[in-house]
Amino acid sequence: MVKERTPAALALEKRRGEILAGRDPSRPCITVCAGTGCTAGGGLDLCTALKQAVSDQGAQDKVDVKITGCRGFCEQGPLVTVLPDKVFYTRVQPKDAAEIVQKTILEGQVVERLLYKDPVSGERCVHEDDVPFYREQMRVLLHDSGSIDPTSIDDYLAVGGYQALQKALFDMQPEEIIAEVKNAGLRGRGGAGFPTATKWELCRRAPGDPKYVICNADEGDPGAFQDRSLIEANPHSVLEGMIIGAYAIGASHGFIYIRHEYPLAVERIRLAIQAAREYGLLGENILGSGFSFDVDVQLGAGAFVCGEETALIASIEGRAGEPTARPPYPAQKGLFGQPTNINNVKTWATVTHIINKGADWYSQIGTENSKGTTIFSLVGKIKNTGLIEVPMGITLRTLIEEIGGGSATGKKLKAVQTGGPSGGCIPESLWHLPVDYDSLKEAGSIMGSGGMIVMDETTCMVDMARYFLEFSRFESCGKCTACREGVTRMYEILDYITRGYGQEGDIELLEEIGKSIKESALCGLGQTAPNPVLTTIRYFRDEYEAHIMDSRCPAGVCKELITYYIIPEKCNGCGLCLRMCSSNAISGEKKQPHEIDTELCIRCGICRDVCNFDAVMVE
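Read in order, the letters of the sequence shown are residues 738 to 1356 in our numbering.
Hints are not guaranteed to be accurate.
As the list claims (entries may be wrong) - Simulated pairs of lysine-lysine, DSS-like, Cα-Cα distance not exceeding 25 Å:
1) 751 <-> 1094
2) 854 <-> 840
3) 854 <-> 1216
4) 1307 <-> 1149
5) 904 <-> 1094
6) 840 <-> 823
7) 832 <-> 788
8) 1255 <-> 1216
9) 823 <-> 799
10) 1296 <-> 1148
11) 803 <-> 823
12) 823 <-> 854
13) 823 <-> 788
14) 799 <-> 840
15) 803 <-> 840
16) 799 <-> 832
17) 1149 <-> 1252
18) 740 <-> 904
19) 1120 <-> 823
20) 803 <-> 788
21) 1307 <-> 1327
22) 1255 <-> 1307
23) 840 <-> 788
24) 1178 <-> 919
25) 1252 <-> 1296
26) 1120 <-> 1149
27) 740 <-> 1296
28) 740 <-> 919
29) 1327 <-> 1296
30) 751 <-> 854
31) 1094 <-> 919
Claimed, not checked - Restraint ranges, calculated between C-beta atoms of paired labels, are given here:
32) 1063 <-> 782: 46 to 56 Å
33) 1146 <-> 1288: 22 to 32 Å
34) 752 <-> 1222: 51 to 61 Å
35) 859 <-> 1064: 56 to 66 Å
36) 919 <-> 1064: 21 to 31 Å
37) 1021 <-> 1062: 29 to 39 Å
38) 859 <-> 1332: 35 to 45 Å
39) 1195 <-> 1240: 47 to 57 Å
40) 942 <-> 1027: 20 to 30 Å
Bear in mind the hints are in silico, worked out from the structure with no lab data behind them. Don't be surprised by glycine CBs; every beta carbon is placed ideally from N, CA and C.
Take these sequences, add in the hints, and give me the full structure.
See the structure below:
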């Protein structure tokens, strides 16, 4: 049943109209990426320099300057986009500000040297959409990240912000909202891929009051930064999704659980909450609808295990962040013993778009069982690292080679790790697989929260598995024996193997322990901890056998199993490696081939790193 819009709701729409009426969509605006990466690279100083340049050149009536959230192309930051034409500049420094204002704003020309150069074609890309990094993406959650100021609620209102909330409050019943999310086929973006509407339905039907909703922003996977970046770029989209979900579930209070280590994201979500309260979008009687809901920010202390929902709940309650046995599930008995719904940052933000555009629109994106888009932080041995949003079903090869630009080192790429420490390593031979929940699971990995690390032939897969097991061992809460002892034992075996002490039967023992942990660990984090080991054994067993049987590391990584030497025919005696060697293991006359004393060599690899002639080899 459609409810008549209240005076408060009409006032909000009036405010939106005033904002839009006061803006000229054709007026140039210089936007500066102010995500964590570009901020660290001097983005805020750049913004100040651009504003000063505008003032110095008397262009205040011709152009605006503002910060935005992460544009994704972190490898090329700090990034500047000149709207509305989307002229795209990369690696911009404060010293470039005056030239950008003079040429692009006042003269209508591009600054050629600041344009992105396509490494394949050699051509300069004038517009953002011309850059190969963006060409295969489908930016739904990130659509507004490059155009709105994340600290301005007016900017969010100008792009349709909180229209979905009004639609939910006045045009839909709670059951209709849940049905819409169900028909859209939305699955949780936190890693498990559980149907979102099912969680909501269970929580709504569960006896008990009050009910709670929680946003899980505890992003701790190595190499992952998508949740943090989304909050930094568009905090109101997450907040709006939470309010809609709370209304559908019947919750009166919510928490955003976010790491203390993410100060920029914390600052921006707090500013968003404050602004939403001032606009009557949080608190008592939201927009006069009769529905009341408010949100608090809870800072986490950096424990990886608190990404697991029951451990997260314990942390909010002030207890040690340890998982608890299920059932009961949080939807039945969660925070403070009350029905609680927990969703990931990306899940909450997606809800806003589903309510705005409808389930039919959303369900057309992706695959049959994995709908919509998802965000990945793409890192590793590739040319284009950064934040990407792609439709479910895109192949790993398209993602890595076209969006990622292929190998950054010239070495052959051989694997990609998805799902962080809980995921698995997928070999290059399987990169035809679509990126969706079911395909990745079948390959032995998981979607996870969205971390993706690409490795080349210089990566030792045994050492990679050891690294992730070390992380899981360190981050284990220690509550259950399977995880506490099993992961530690697996790590010890891997450590022995990489140091040259591997024995026949170690591979089989790793498989046995790994399967036991998966079957008996208390929580999902423990159950998935063996995945990096089991997948590397599955796809790269020959590397394990080389370490154990031949005392050899094929990738040349494990120090105790490698030897450095110099190819005389390639060495011109420049002496650079000799000067850089801290152990005095290299000798030779100037302009004559040098030699490495294997007895003195500490296998640090600096000689290979500095050699400009590929004369230093490892075996």
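Now the hints, each set against the structure:
1. 751 <-> 1094: holds (22 Å)
2. 854 <-> 840: Holds - the C-alpha atoms of residue 840 and residue 854 are around 19 Å apart, at most 25 Å.
3. 854 <-> 1216: violated (52 Å)
4. 1307 <-> 1149: Satisfied, since the Cα-Cα distance of roughly 22 Å is no more than 25 Å.
5. 904 <-> 1094: Judged against 25 Å, a Cα distance of about 11 Å means the pair holds.
6. 840 <-> 823: Between residue 840 and residue 823 the Cα gap is close to 15 Å, so the pair holds against 25 Å.
7. 832 <-> 788: holds (12 Å)
8. 1255 <-> 1216: holds (15 Å)
9. 823 <-> 799: holds (16 Å)
10. 1296 <-> 1148: holds (20 Å)
11. 803 <-> 823: holds (14 Å)
12. 823 <-> 854: holds (16 Å)
13. 823 <-> 788: The given pair, whose Cα atoms are some 19 Å apart, holds under the 25 Å limit.
14. 799 <-> 840: With Cα atoms ~13 Å apart, residue 799 and residue 840 stay inside 25 Å; holds.
15. 803 <-> 840: holds (19 Å)
16. 799 <-> 832: Cα-Cα ~21 Å, so holds.
17. 1149 <-> 1252: Given that 25 Å is the threshold and the Cα spacing comes to 31 Å, the pair is violated.
18. 740 <-> 904: holds (10 Å)
19. 1120 <-> 823: Satisfied, since the Cα-Cα distance of roughly 23 Å is no more than 25 Å.
20. 803 <-> 788: It holds: about 9 Å lies between the C-alpha atoms, which stays within 25 Å.
21. 1307 <-> 1327: holds (14 Å)
22. 1255 <-> 1307: Since the Cα atoms of residue 1255 and residue 1307 sit roughly 50 Å apart, the hinted pair is violated (cutoff 25 Å).
23. 840 <-> 788: holds (15 Å)
24. 1178 <-> 919: holds (22 Å)
25. 1252 <-> 1296: Violated - the C-alpha atoms of residue 1296 and residue 1252 are around 29 Å apart, more than 25 Å.
26. 1120 <-> 1149: holds (13 Å)
27. 740 <-> 1296: violated (70 Å)
28. 740 <-> 919: holds (23 Å)
29. 1327 <-> 1296: violated (28 Å)
30. 751 <-> 854: Outside the cut-off at roughly 44 Å; violated.
31. 1094 <-> 919: holds (14 Å)
32. 1063 <-> 782: 46 to 56 Å: With a Cβ separation near 49 Å, residue 1063 and residue 782 satisfy 46 to 56 Å, so the hint holds.
33. 1146 <-> 1288: 22 to 32 Å: holds (26 Å)
34. 752 <-> 1222: 51 to 61 Å: holds (59 Å)
35. 859 <-> 1064: 56 to 66 Å: For residue 859 and residue 1064 the Cβ distance comes to about 60 Å; the hint holds.
36. 919 <-> 1064: 21 to 31 Å: For residue 1064 against residue 919, whose Cβ atoms are near 22 Å apart, the range 21 to 31 Å holds.
37. 1021 <-> 1062: 29 to 39 Å: With Cβ atoms ~37 Å apart, the hint holds.
38. 859 <-> 1332: 35 to 45 Å: Given range 35 to 45 Å: holds, Cβ gap about 41 Å.
39. 1195 <-> 1240: 47 to 57 Å: Since residue 1195 and residue 1240 have Cβ atoms about 26 Å apart, the given range 47 to 57 Å is violated.
40. 942 <-> 1027: 20 to 30 Å: holds (21 Å)
Hints 3, 17, 22, 25, 27, 29, 30, 39 from the list above are not met by this structure, while the remaining hints are.
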